[in-house]
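Kindly generate the complete structure, drawing on both the sequences and the hints.
First to last, the protein sequences are chains A and B.
All residue numbers for the first sequence refer to our numbering, where the first residue is 7 and numbers rise by one.
All residue numbers for the second sequence refer to our numbering, where the first residue is 125 and numbers rise by one.
Incorrect hints may have been included.
[As the list claims (entries may be wrong)] Okay, derived cross-link-like pairs now, BS3-like style, lysine-lysine, Cα gap no bigger than 30 Å in a straight line:
(1) 363/B x 305/B
(2) 242/B x 305/B
(3) 185/A x 363/B
(4) 185/A x 305/B
(5) 242/B x 363/B
(6) 164/B x 305/B
For the record, the hints were derived by calculation from the structure and aren't laboratory data.
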Amino acid sequence: MLVFVALFVVLGLGLNVVVGFAGLLDLGYVAFFAAGAYTMGLLTSPGSPIDAGLNFWLILPMGILIASAVGLLLGLPVLPLRGDYLAIVTTGFGEIIRLFLINRDDLTRGSQGLSAIPRPDLFGYRIDSFTEWFYFVVAAAVIVGFCTSRLRDSRIGRAWEAIREDEDVAAAMGVNTTKYKLLAFASGAAIGGLGGVIYAAFIGFISPAAFSLQVSIDVLAIVIIGGMGSTPGVILGSLILIGVPRILQFRETSDFLANLGWLRDGLNGLIGAVDALTPGSIGRLPPAETWGAQLADDTRFIIFGALLVIVMVVRPSGLWPSSRRRLEFAHDDAPAPAPVTAP
Amino acid sequence: MAATVSANGSQALLSVRDVSLRFGGLVALDGVSFDVPAGKILGLIGPNGAGKTTMFNAITRLYRPQAGEIWFGQTNLLGLAPHEIPRLGIARTFQNLALFPSMTVRDNIRVGLHASTKADVFSQALRLPWVGREERRAEQVVDEAIDYLGLRAVERHPAAGLPFGTLKRIELARALVARPKLLLLDEPAGGLNHEEVSALGALIRDIRERFDVTILLVEHHMGLVMSISDRVVVLDFGKKIAEGTPDEVRRNPEVIRAYLGVEA
Numbered sequence: 007m008l009v010f011v012a013l014f015v016v017l018g019l020g021l022n023v024v025v026g027f028a029g030l031l032d033l034g035y036v037a038f039f040a041a042g043a044y045t046m047g048l049l050t051s052p053g054s055p056i057d058a059g060l061n062f063w064l065i066l067p068m069g070i071l072i073a074s075a076v077g078l079l080l081g082l083p084v085l086p087l088r089g090d091y092l093a094i095v096t097t098g099f100g101e102i103i104r105l106f107l108i109n110r111d112d113l114t115r116g117s118q119g120l121s122a123i124p125r126p127d128l129f130g131y132r133i134d135s136f137t138e139w140f141y142f143v144v145a146a147a148v149i150v151g152f153c154t155s156r157l158r159d160s161r162i163g164r165a166w167e168a169i170r171e172d173e174d175v176a177a178a179m180g181v182n183t184t185k186y187k188l189l190a191f192a193s194g195a196a197i198g199g200l201g202g203v204i205y206a207a208f209i210g211f212i213s214p215a216a217f218s219l220q221v222s223i224d225v226l227a228i229v230i231i232g233g234m235g236s237t238p239g240v241i242l243g244s245l246i247l248i249g250v251p252r253i254l255q256f257r258e259t260s261d262f263l264a265n266l267g268w269l270r271d272g273l274n275g276l277i278g279a280v281d282a283l284t285p286g287s288i289g290r291l292p293p294a295e296t297w298g299a300q301l302a303d304d305t306r307f308i309i310f311g312a313l314l315v316i317v318m319v320v321r322p323s324g325l326w327p328s329s330r331r332r333l334e335f336a337h338d339d340a341p342a343p344a345p346v347t348a349p
Numbered sequence: 125m126a127a128t129v130s131a132n133g134s135q136a137l138l139s140v141r142d143v144s145l146r147f148g149g150l151v152a153l154d155g156v157s158f159d160v161p162a163g164k165i166l167g168l169i170g171p172n173g174a175g176k177t178t179m180f181n182a183i184t185r186l187y188r189p190q191a192g193e194i195w196f197g198q199t200n201l202l203g204l205a206p207h208e209i210p211r212l213g214i215a216r217t218f219q220n221l222a223l224f225p226s227m228t229v230r231d232n233i234r235v236g237l238h239a240s241t242k243a244d245v246f247s248q249a250l251r252l253p254w255v256g257r258e259e260r261r262a263e264q265v266v267d268e269a270i271d272y273l274g275l276r277a278v279e280r281h282p283a284a285g286l287p288f289g290t291l292k293r294i295e296l297a298r299a300l301v302a303r304p305k306l307l308l309l310d311e312p313a314g315g316l317n318h319e320e321v322s323a324l325g326a327l328i329r330d331i332r333e334r335f336d337v338t339i340l341l342v343e344h345h346m347g348l349v350m351s352i353s354d355r356v357v358v359l360d361f362g363k364k365i366a367e368g369t370p371d372e373v374r375r376n377p378e379v380i381r382a383y384l385g386v387e388a
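Now the structure itself:
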């Protein structure tokens, strides 16, 4: 599970470049993830028609390059689009890639997927156990995080930010908006591709079903919940969005809930009171011996969704906003410094 | 062709030739020509809607004129994209303030350096040594501008929420860090009070000396234009109706008519 948290940190950092830095709302991020994963799958799975048995470390840069090429492919037609329109087109793009993977079954083996993707070696040592994978993916996340935060505090990051704030003024300041928007798509896509290659090597089996719109939405939610443009925010967002649903799934969680008999009684009392006012409006909680399991299972997404809503209401700028975003949301209450007179 | 020598023999930095621009049926600029002599301050005045800001936007290529040429040295600006203009050494401020509201004052000013720095995505992500040197030089330039315009106290504050006069100075700093040869100021005195305007006049003259920059100034505040401009060009309904020294322009009957209306 922690491997997935780390993997989604990588993806979140990539999408953060596109959405958080440059302000381009991209809902097709899964396409780049898929491009990286299928680069790995097609070149190493024995079931693939173009299996070349290549080494993971050779495929890694290839996957990154191919994903950024896909990023440019998406970037070019959507250059003039902004905001909502961009979100719609990128959603479609993600779906196109998924349908392509299903339908070109002569190449991708369609929904059967590609299996037996080998795991990588590191200096002759095979990365195999979950613990090893966790450290491996965390190392990748650290490198990616270092690069993206370097980029943010540079002329490139400021050019992206300027485009996000006002494209026309950015151009008037000498920012080539076409180039920098494409650069944002390509960099974000490159990181998505990196995540894809790692994912394929970790899971060992990929099929189009794994690259649904839900992945794009999850990654976007990580970026937004964590705080747009913020690197620690992405880490926190991934822990919560990828970690919490899985924690709710645990047997221990349902046992824990089963022990909270007083909570069940209290809720039942409340329900009884409502029922007395408007008869038959709501049912009862499940019986005591199963309600923990049922809560953890059936309703975990309801609990999870409620948590997300609460987070967004309480902290609209995200759990760990970037310092700039924090200012953006706070400047209304903070007194402006006294005006300085011209020299 | 490059019209680099103006009528009075001095070297022209910017040369506007027969520029016409229409928005649909509305003629915003109608065959306007004038020169901005190097090292001078040229005031561009005219009643509301005369086409002054349109002329600015044509020079910085936010608008595309249907006819005419705009020469900056040997380069016809109309063949360039908007983002290529600052690289030539042309910087501007905006009439309605065009700062990036959620970026800090310092970052706003840093964006002004975009055209004169060149770190690319790979050397930046890896933070190669020359990138570090470039950033340090840039920081120095930004610091100078911040001190020069008295913005030290607000440098870490986001631009949104600051007083109007301060925002004007941030825009000015952002334009100056690029070390432009030509500075376009669009109504720098708009919204300022009386003392601020006279301080601004002194500041603009000081900027010309210190940064050795040619200035094209659009302004409604007659007192300011007349006191600091070397030459004045008057537009009315998209046409140039007068050009000369402030004194000549002030006495020009066409100009008086444009401002005060036709005598009954």
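Hint check results:
1. A C-alpha spacing of about 27 Å is found between residue 363/B and residue 305/B, which places the hinted pair at or below 30 Å, so the restraint holds.
2. Between residue 242/B and residue 305/B the alpha-carbon distance is near 19 Å, which keeps this suggested pair within the 30 Å criterion.
3. The hinted pair formed by residue 185/A and residue 363/B fails the criterion: a straight-line CA distance of about 37 Å is larger than 30 Å.
4. Restraint check: the Cα-Cα separation between residue 185/A and residue 305/B comes to about 26 Å, which is no more than 30 Å; the hinted pair holds.
5. The hinted pair formed by residue 242/B and residue 363/B fails the criterion: a straight-line CA distance of about 40 Å is larger than 30 Å.
6. About 11 Å separates the Cα atoms of residue 164/B and residue 305/B, which keeps this hinted pair within 30 Å; it holds.
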